[in-house]
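**Student:** If you read the protein sequences in the order shown, they are chains A and B.
Going by the numbering used here, the first sequence wraps up at 401, each residue one higher than the last.
Going by the numbering used here, the second sequence wraps up at 255, each residue one higher than the last.
These are computed hints drawn from the structure, not numbers from a lab.
Built from N, CA and C at the ideal position, the CB exists for glycine as well.
Treat the hints loosely; a few may be bogus.
[Said to hold, decoys possible] So the derived label-pair ranges between C-beta atoms look like this: (1) A:274 x B:193: 45 to 55 angstroms; (2) B:127 x A:382: 14 to 24 angstroms; (3) A:71 x B:193: 13 to 23 angstroms; (4) A:27 x B:88: 55 to 65 angstroms; (5) B:25 x A:344: 54 to 64 angstroms; (6) A:228 x B:193: 49 to 59 angstroms; (7) B:227 x A:23: 52 to 62 angstroms.
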Amino acid sequence: MAVNGIQQSLPFTAQFKESLLKIPEGENIQACLQCACCSGVCPFGFAMDFPPGRMIAWMRAGILDEMLKSDSVWMCVSCYACTEVCPKDIPITLALMTRAKEEALLAGNVPAELQSALEFSQQYGNPLGESSRKRAAWSEELDFEIPIIRKAKRPVDILWFVGDYASYHPRSKNVTIAFATLLNKLGIDFGILGPDEFSDGDSQRLAGERGLFEMLAEKNAKVISRCEFTEIITTDPHAYNAFKNEYPQLGFDFPVRHYTEFLVEHLDEITPLFKENGKAKVAYHDPCYLGRVNKIYDAPRQLIEAIPGLELIEMAHNKSTSLCCGGGGGGMWLDGFRWEKSESRLSEWRVKEAVAVNADILAVACPYEPPRFEDAAKAITGAEKLQVKDVVELIVDAIGN
Amino acid sequence: MTEIVVIARLVPDLVEELEIATSGTALDLAWLRLIINEFDNHAIEQAIILKERSGATVTIISPEAEGVEDMLFTTAAKGADKLIKLTGVGEEKPTNLSMAQTLAEIIKEINPDLVLTGVQAHDDFTGDLAPQLADLLDMPYVGYISGISLGDGKATAYKEYPGGILAEMEIALPAVLGIQSSEEPPRYVAISKVRQMMNTASIEDRDAGVLETDSGVVIDRMYLPEVADRAEMLEGDEEEVASKLIAILQDLGLL
Numbered sequence: 001m002a003v004n005g006i007q008q009s010l011p012f013t014a015q016f017k018e019s020l021l022k023i024p025e026g027e028n029i030q031a032c033l034q035c036a037c038c039s040g041v042c043p044f045g046f047a048m049d050f051p052p053g054r055m056i057a058w059m060r061a062g063i064l065d066e067m068l069k070s071d072s073v074w075m076c077v078s079c080y081a082c083t084e085v086c087p088k089d090i091p092i093t094l095a096l097m098t099r100a101k102e103e104a105l106l107a108g109n110v111p112a113e114l115q116s117a118l119e120f121s122q123q124y125g126n127p128l129g130e131s132s133r134k135r136a137a138w139s140e141e142l143d144f145e146i147p148i149i150r151k152a153k154r155p156v157d158i159l160w161f162v163g164d165y166a167s168y169h170p171r172s173k174n175v176t177i178a179f180a181t182l183l184n185k186l187g188i189d190f191g192i193l194g195p196d197e198f199s200d201g202d203s204q205r206l207a208g209e210r211g212l213f214e215m216l217a218e219k220n221a222k223v224i225s226r227c228e229f230t231e232i233i234t235t236d237p238h239a240y241n242a243f244k245n246e247y248p249q250l251g252f253d254f255p256v257r258h259y260t261e262f263l264v265e266h267l268d269e270i271t272p273l274f275k276e277n278g279k280a281k282v283a284y285h286d287p288c289y290l291g292r293v294n295k296i297y298d299a300p301r302q303l304i305e306a307i308p309g310l311e312l313i314e315m316a317h318n319k320s321t322s323l324c325c326g327g328g329g330g331g332m333w334l335d336g337f338r339w340e341k342s343e344s345r346l347s348e349w350r351v352k353e354a355v356a357v358n359a360d361i362l363a364v365a366c367p368y369e370p371p372r373f374e375d376a377a378k379a380i381t382g383a384e385k386l387q388v389k390d391v392v393e394l395i396v397d398a399i400g401n
Numbered sequence: 001m002t003e004i005v006v007i008a009r010l011v012p013d014l015v016e017e018l019e020i021a022t023s024g025t026a027l028d029l030a031w032l033r034l035i036i037n038e039f040d041n042h043a044i045e046q047a048i049i050l051k052e053r054s055g056a057t058v059t060i061i062s063p064e065a066e067g068v069e070d071m072l073f074t075t076a077a078k079g080a081d082k083l084i085k086l087t088g089v090g091e092e093k094p095t096n097l098s099m100a101q102t103l104a105e106i107i108k109e110i111n112p113d114l115v116l117t118g119v120q121a122h123d124d125f126t127g128d129l130a131p132q133l134a135d136l137l138d139m140p141y142v143g144y145i146s147g148i149s150l151g152d153g154k155a156t157a158y159k160e161y162p163g164g165i166l167a168e169m170e171i172a173l174p175a176v177l178g179i180q181s182s183e184e185p186p187r188y189v190a191i192s193k194v195r196q197m198m199n200t201a202s203i204e205d206r207d208a209g210v211l212e213t214d215s216g217v218v219i220d221r222m223y224l225p226e227v228a229d230r231a232e233m234l235e236g237d238e239e240e241v242a243s244k245l246i247a248i249l250q251d252l253g254l255l
């Protein structure tokens, strides 16, 4: 009750609801039918105290304060499966789940694993806790030099935004090296930011750390705005998503494409380079932020189909129904937490699907995925011979030396 | 209201490879990045926990260094009330005694019930900042503390000994405690809250005065750990490596 004209602050549930209604299309939440498609399609819905449908129901009942005591919102992989199926077009991932994580984080309810990734992102500009000076160390393995734009002091056609895992992760780095090799072979004029590049911040944003995302975006924008280039290309769907959909909202507008779109355009130059390549069945896994979020389903498939000897097959979940690898929404930094809560791994589920369709190769197009799926393949009976390859690795393998 | 003072220092971040300066007797500071001393971070957390539990005013004092403002604003976002930066601290590390003398003058003005700092820092030879401070302030000192509760004019603290022994001790206040670890791991604070503090909180600058850098210890040579040739690499295919390994384990009497 307001006393002496002092307005008391709204309880959490009311504040939360008010903030959701301000998000674009957020008012659609009012139209929720409680059909529960979202909670049903959610790959971790079974392990959540508050799957999206219930969150809306409790919010309507005015009793969502309970949610702040639960840590189950950290099960959300931000995969957009719920958003995709919602018949009332509620932006569930963006408006509801990500906002809920922001509230949990502000309330100090952060799993310890996630906390260190966020601290590292702040201190070093990458969630792996690696030295920012070594961001381009992967390129030392190449037999040609990649210009670092600031040092080269000249315009380039392509500003290649490499990204965190592509720069540092020992497995994902191989994909980065393959892409560099291909660009060099095609005679593309490209450069990288090297030690001046910061994490794109997309996964930190989806893990509820909006302020950190904005800080990283500002740092990247400052560096990039000093470079002369035609467009940004990246192998990382999260970096792609950040530049395409999120940075413009902060006033940072840079033209960007995912490498699969870029390479499709160069297929005429790539095709003559292919050599005899054996035969293999390839199941392609759509990364959430390339497929469902940004609707790029065809470019990676076109590339696979162009490679001699490869037969493209589809798994049970494909294109708009694709299954998350488990690395989204901060999942790269929550493996232990999610195992404890659910005793299941989405990457293993996906590998089982690849085995079920007799795939020889599980093809991916996101730096999170090779290590996740390779680890999963080690644990799944029948996946002993399954190879996990990024699409660009398949291309470079088929070109040979 | 209980007054708590925390001394927080920045130390070289070991994520970067360390380089030796051309003098051969010191680290090359140009390549160093600084980070909060882990133990001091625990001291801050412990102070905030005490504040949340029973109310306190928490003052953080830090010698100036690159990035110290961001670190201080982060402590404010966690709940620290007053931020003090010691200015005029040169690149050369002052002795702990000299730093303790400077800190003691400021701390006397605050008249605290409790002074906390990390029990050690990895750029510190002697680890005697807190005991020196206790002596100058005429307060008792206990180190290696991993948990504190405050009572009337006294504190109960837990001190770890080797061998898994934990001592519970009563300490008359005011006191200086060297923190090994806080009761809960240091918390994460959202960047938005830190940024908010950058706009609203203020840092008081205090001149450190003349600091002594000559500790009487002469460094003859500083060098990186030298590579020793002690590891034996087993070569060959999986079968060969496995049989060589088994032979070695049998030789050692382990199989």
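**Student:** None of the hints should be skipped; say for each whether it holds.
**Tutor:** Cross-check of the supplied hints:
1. A:274 x B:193: 45 to 55 angstroms: holds, 54 angstroms
2. B:127 x A:382: 14 to 24 angstroms: Violated: the Cβ-Cβ distance is about 56 angstroms, outside 14 to 24 angstroms.
3. A:71 x B:193: 13 to 23 angstroms: holds, 20 angstroms
4. A:27 x B:88: 55 to 65 angstroms: Holds - the Cβ-Cβ distance for residue 27 of chain A and residue 88 of chain B, about 57 angstroms, lies within 55 to 65 angstroms.
5. B:25 x A:344: 54 to 64 angstroms: holds, 56 angstroms
6. A:228 x B:193: 49 to 59 angstroms: 37 angstroms Cβ-Cβ, so the 49 to 59 angstroms window is violated.
7. B:227 x A:23: 52 to 62 angstroms: The hinted range 52 to 62 angstroms holds for residue 227 of chain B and residue 23 of chain A, with Cβ atoms some 56 angstroms apart.
In this structure, the earlier hints numbered 2 and 6 are contradicted, and the remaining ones agree with it.
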